[in-house]
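If you read the protein sequences in the order shown, they are chains A and B. The first sequence begins at 75 in my numbering and counts up one residue at a time. The second sequence begins at 75 in my numbering and counts up one residue at a time.
Treat the hints with caution; some may be incorrect.
For chains that are exact copies, the list does not tell them apart, and a pair is met inside one copy or across any two.
[To be verified] EDC-like cross-link-like pairs, simulated, lysine to aspartate or glutamate; straight-line CA separation at most 20 Å:
1) Lys-101 x Asp-323
2) Lys-144 x Glu-154
3) Lys-298 x Glu-322
4) Lys-88 x Glu-255
5) Lys-183 x Asp-98
6) Lys-233 x Asp-203
7) Lys-233 x Glu-246
8) Lys-214 x Glu-83
Quick caveat, the hints were computed from the structure, so don't treat them as lab data. These figures come from a predicted structure and were not determined experimentally.
Number of protein chains: 2
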Amino acid sequence: MTTQQLVSEIKKKKSFLCIGLDVDLNKIPKHLLKEEDPIFAFNKAIIDATHHLCVAYKPNTAFYEAYGIKGWKALEKTIEYLNKNHPNIFTIADAKRGDIGNTSTMYAKAFFEDLAFDSVTVAPYMGKDSVEPFLAFKDKHTIMLALTSNTGAFDFQTKEVGNQELYKHVLETSKGWQNSENLMYVVGATKAEYLADIRAIIPDSFLLVPGVGAQGGNLQDVCKYGMNDQIGLLINSSRGIIYASNHEDFAEKAATQAESLQKQMEIILQ
Amino acid sequence: MTTQQLVSEIKKKKSFLCIGLDVDLNKIPKHLLKEEDPIFAFNKAIIDATHHLCVAYKPNTAFYEAYGIKGWKALEKTIEYLNKNHPNIFTIADAKRGDIGNTSTMYAKAFFEDLAFDSVTVAPYMGKDSVEPFLAFKDKHTIMLALTSNTGAFDFQTKEVGNQELYKHVLETSKGWQNSENLMYVVGATKAEYLADIRAIIPDSFLLVPGVGAQGGNLQDVCKYGMNDQIGLLINSSRGIIYASNHEDFAEKAATQAESLQKQMEIILQ
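Given these sequences and hints, build the entire structure.
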């Protein structure tokens, strides 16, 4: 999917919501555990109920790997279901991968070719040659961690490197990488005030913003500082939507939560 | 496996060699492609031929994910084969994972419990709460990237943070994390001279050292600067051993390469 197609979808749906599909079998409604594939059954129900309210879905690979082969099958089925039924929805493999060059190429093939995700998240610590293999894929997007929403973000990301914080140095440096137009960035919503500085460095890039709601971020602030003239934001919510209820009405309640965010977004987009 | 058990194995086998099981179907001998599970067939042959010469095996997860479900099955079979037949060999899931707390716990369960690896590699960028969930597992080891062996290491890892390079700040900071005695570190062999500084910060920790041989690192230098009184080193070689030949004699040739390194290690250990 091209960035322009993503922007079109945002304008059409009046939403820049991304829903995180982080399926924990201990948290989903009990009645689903009787299904042959409870993870996929849960995802399918959530997707069916919310696809008109969001522009992206983001399964975090940890939740699938934790269930071994069964988990990977559920991940495969979920992405196949999305690509078949909702090809205009942007898909994110939240995998936070990164390795030396030839190894990163294997990861890129796994997520971009075999699973056919539109994008994958990567970690920057190993530098240019660990990220460029992902950037080489046309119309695929590599979403690099810049400033994350957890407390550990302050351990290294905000430390001063020369005259700027590490995460800014990461942003600045990455602009010079080959095919850097395929980069997007993870920027936690819990630090909305940082977004103005970030926009000064990367005015045009899309930002994937976790941490709105449950983790304390404020949607209005994020949009005030982070939005650009192509919108440039994907706001992720996972638990707040998918676990809104753990009864038979879980999908309906998820849609209610998603709609509440979409309505706020619609107002902001006006 | 405890660290003490690993040290005993090193002394018994006179080897601190780790063999990287990075299986690329384009590189393995053609005759194996007829097997039902060529990846596992390759690994089994390599393990059968080299297990007396090394103390650790390290499959890099990228090479398994790249083959989807088939790849994950091969990874499961490989770790099961190792745990059943060679329980004294230290196993490393080279996954370079890291995420926010509850998500890192899912990764830790995947690798430590379901797959029953002794250790997993993690990336430090997201800080303390992304790594501590791994450290909570008793007699399991978390091998954190410090200074990697690729050129991208110089993009961020060697940048000055305050009065020290980022990788040293990472080492220093991690010492204060809960259960930090379960930490080991990845330190690339291409920078052997850095090892003296690293040992000043973490004198007792085990270091996983890639990059000897193919990537230019020198075994004698690494040992001179990096060895401690509990040995404290695992030297990894992947391609140099497993792809020593791509004919029917591949396992035999792999053993010859592994033995050459083991013999050098035996001399160093005297």
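Against the structure, the hints:
In this homomeric assembly, Lys-101 and Asp-323 come within 20 Å of each other (Cα to Cα) only inside a single copy, at 14 Å, whereas the closest approach across copies is 51 Å. Taking CA atoms no more than 20 Å apart as the test, Lys-144 paired with Glu-154 passes in both settings, with 15 Å inside one copy and 17 Å between copies. In this assembly of identical chains, the alpha carbons of Lys-298 and Glu-322 never lie at most 20 Å apart, being 37 Å within a copy and 64 Å across copies at closest. Taking the closest pair of Cα atoms, Lys-88 and Glu-255 never come within 20 Å of each other, the shortest separation being 24 Å inside a single copy and 50 Å across copies.
Taking the shortest Cα distances, Lys-183 and Asp-98 sit within 20 Å of each other only across copies (12 Å), while inside one copy they are farther apart (26 Å). In this assembly of identical chains, Lys-233 and Asp-203 lie within 20 Å of each other by CA distance solely across copies; the values are 17 Å between and 23 Å within a copy. In this homomeric assembly, Lys-233 and Glu-246 come within 20 Å of each other (Cα to Cα) both inside a single copy, at 15 Å, and across copies, at 14 Å. Within a single copy, Lys-214 and Glu-83 get their C-alpha atoms as close as 16 Å, which meets the 20 Å cut-off; across copies the closest is 46 Å, which misses it.
Hints 3 and 4, counting from the list given before, are not met by this structure.
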